[in-house]
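Working from the sequences, and respecting the hints, build out all of it.
Protein chains in written order, with our numbering: chain A, 1 to 168; chain B, 1 to 109; chain C, 1 to 292.
These are computed hints drawn from the structure, not numbers from a lab.
You may find that some hints are simply not true.
The calculated lysine to aspartate or glutamate pairs, modelled on EDC-like cross-linking and capped at a C-alpha distance of 16 Å, are [stated by the list, open to error]:
#, chain 1, residue 1, chain 2, residue 2
1, A, Lys2, C, Asp269
2, A, Lys150, A, Asp42
3, A, Lys133, A, Asp10
4, A, Lys2, A, Glu41
5, C, Lys177, B, Glu54
6, B, Lys15, B, Glu31
7, B, Lys106, B, Glu54
8, A, Lys2, C, Glu268
9, C, Lys58, C, Asp13
From the derived model, a few chain C residues whose C-beta atoms are all more than 12 Å from chain B [to be verified]:
#, residue
10, Leu127
11, Val145
12, Lys177
In this text the structure is predicted, and so the values were computed from the model without any measurement.
Cβ coordinates follow ideal geometry from the N, Cα and C atoms, glycine included.
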Amino acid sequence: MKIHFKLTEDLVRKMRGDLLRPHGHAAERVGFLSCRFGTSEDHLIILGSDYHPVEDEHYEFDPRVGARFGAAAIRSALQMALSNGVGIFHIHCHEHLGEPRPSRVDWTEWAKFVPDFWHVRPELPHGALLLSKDRLSGWCWFPGQNDPIKISRFTVVGQRLTYWEAAR
Amino acid sequence: MISPEHSEELRGFCKDVREMQQGTEVFLYLEGLRLPPERQPAEVDALLCLHSREGYSTRLYLSTRIADRGVNWTVVYLLDRQWHTWSWQGVSPNQRPAQVLVGHLKALQ
Amino acid sequence: MSWQARQSFLGKDSTDILRNGRVGIVGLGGGGSHVAQQLAHIGVENFVLCDPDHYEDKNHNRTVGGTAADVDAKTPKVRIAQRLINDINPKARVSAVKHRWQNALPFLRGCDAIFGCVDSYAERDQLERLSRRFLISYIDIGMDVSKSESGQVVHGQVILSLPGSLCMHCFNFLRPKLLELEAQDYGQAGGRPQVIWPNGVLASTAVGLFIQLILPWHSDVRPGSVMYDYDGNRHTMILSPRVNALSSVSCSHFDGSEGEGDPFWNAEDAITSVMQAGVKSLNPDTSITPSI
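Here it is in structure tokens:
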């Protein structure tokens, strides 16, 4: 299954602007991207719609991980999915050039909360994205399937049109 | 926003009724609309437009063209689907949605 | 030396970027045939071509790639364009859809850019709507010949419509009254005068805008959507005054529908459809005529 993720330059700028702000105790910030869907000839299409930062007060202190957010942050994201009929993708930054790769902690955390979104929107895919200085990578969990699928292609549209195929 | 009463009345003609929005325009999606007798196919999906659009005071769009009925058929992209519509003027929006629908279905009898 | 060596000023990764782009061309007549030819020469390799018509005598004064034999054979226009592209670059993968583009939506949704080379305002309006829904850069071209007191006036436009930026309605190129009048004519937009050289100028400008989007070779690039007015009598292509007049305006015509995707989308159907597509092998010579 091939997945094509599209979003605007403005949205990427907005996400980066929020995710790179320092936080009082969290080493990194995270956020949620609401998404809509379509199908092309040979790809599932995911369209990045709106970015929703995790509020400062929703981060919990945990020096073992870059960022931990509490139930309030999840509730807010769940409400968004329910009210707007959107898929939710968790996003955070890896500040380097090139395709970002998830750490073991990333996988562990994603596996914990992504299934929560199926409580409110069981019919939609949800997932996670990583944002580097010049690239995105992502994984999508489909309803009823345990293993995520890597997003194979990205397009960022704006003053500059950029697209690339993810590494296999 | 369509009232529950009007929605229920429309359901007499189809399997389901759903309001759908494209920008500022609202359409009524009629799933499995039953067409007049002897029309093929017997059921289609449809969009009922109750507002003025491109010179028509109301309009009905179908998921497929109906052979031998209607004139000047055109193909339209709406709500990310292909729809077929024909030239049929004068169905006033100042009546119940079900009456608007019947007014358009007259062209297919 | 590669056949693209002379365009190395576009950047060291330009060959790969061109090769990996996906471009739709709707309308393969006077404008679209030029666009197809130029994109193939420059190294674009993934094309979706949509046109329901076959080649006729009346097209022969302006369609790049069309031959006298094509007139006799009534060759589909998409086949002519596909042949043209693959004669230039046999590696190009062309989905040639001999049907209205509204019946080829799965092919177009995955495009990175769509060139609209169509005759009617309604078609342009709908193509722009598709492009905004699926965050696709849309480039529109068109020409016309009008009568004036002193003779004929050849004119046209090139419009780059970017998601998040001004649209053809913002530029007043599309207007509700125009669409209404055209609908009353039942979409009989064809039959207007058409000649090859204005189409060539418009197509070249459009291709240049696309290349500048993906491979900007200079930092002095105007941000956002743009419109160019072509004066075929004075042989000028100038930035439309409307662009500067709207510099502080945001588009409100697609509020809530940009990036909206498919409102009927269903995960189960989507997975089935994509999985089925995955088992098909794509032959560059494959053309597709979807059923109505």
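Find the nearest Cβ of chain B to the Cβ of Leu127 (chain C) and say whether that gap is larger than 12 Å.
-> Given a closest Cβ separation of 8 Å, the condition is violated.
Handout entry: Nearest-CB test (12 Å) between chain B and Val145 (chain C)
Key = Fine: 25 Å to the nearest Cβ keeps Val145 (chain C) off the interface.
For the pair we were handed, Lys15 (chain B) and Glu31 (chain B), check the Cα-Cα distance against 16 Å. 6 Å, holds
**Q.** Given pair status - Asp13 (chain C), Lys58 (chain C), alpha carbons within 16 Å
**A.** Between Lys58 (chain C) and Asp13 (chain C) the Cα gap is close to 42 Å, so the pair fails against 16 Å, i.e. violated.
- Task: Below or equal to 16 Å on CA atoms is what counts here, so check Lys2 (chain A) against Glu268 (chain C).
- Result: 15 Å, holds
ask   = Within a Cα-Cα threshold of 16 Å, do Lys133 (chain A) and Asp10 (chain A) meet the stated pairing?
value = OK: Lys133 (chain A) and Asp10 (chain A) at ~15 Å, within 16 Å.
Holds or violated: Lys106 (chain B) to Glu54 (chain B), with C-alpha atoms at most 16 Å apart: 21 Å, violated
With the threshold set at 16 Å, check whether the alpha-carbon distance from Lys177 (chain C) to Glu54 (chain B) stays at or below it.
This hinted pair holds, its Cα atoms lying about 8 Å apart.
Quiz item: Is the hinted pair Lys2 (chain A) and Glu41 (chain A) satisfied, with a Cα-Cα distance of at most 16 Å?
Solution: 10 Å, holds
Checklist line | Interface exclusion of Lys177 (chain C) relative to chain B, criterion Cβ beyond 12 Å | finding: 9 Å, violated
Tell me if the straight-line CA distance from Lys150 (chain A) to Asp42 (chain A) falls inside 16 Å. Holds - the C-alpha atoms of Asp42 (chain A) and Lys150 (chain A) are around 15 Å apart, at most 16 Å.
ask   = Does the alpha-carbon distance linking Lys2 (chain A) and Asp269 (chain C) stay inside the 16 Å limit?
value = This hinted pair holds, its Cα atoms lying about 14 Å apart.
The structure fails to meet hints 7, 9, 10, 12 from the earlier list, while all remaining hints are met.
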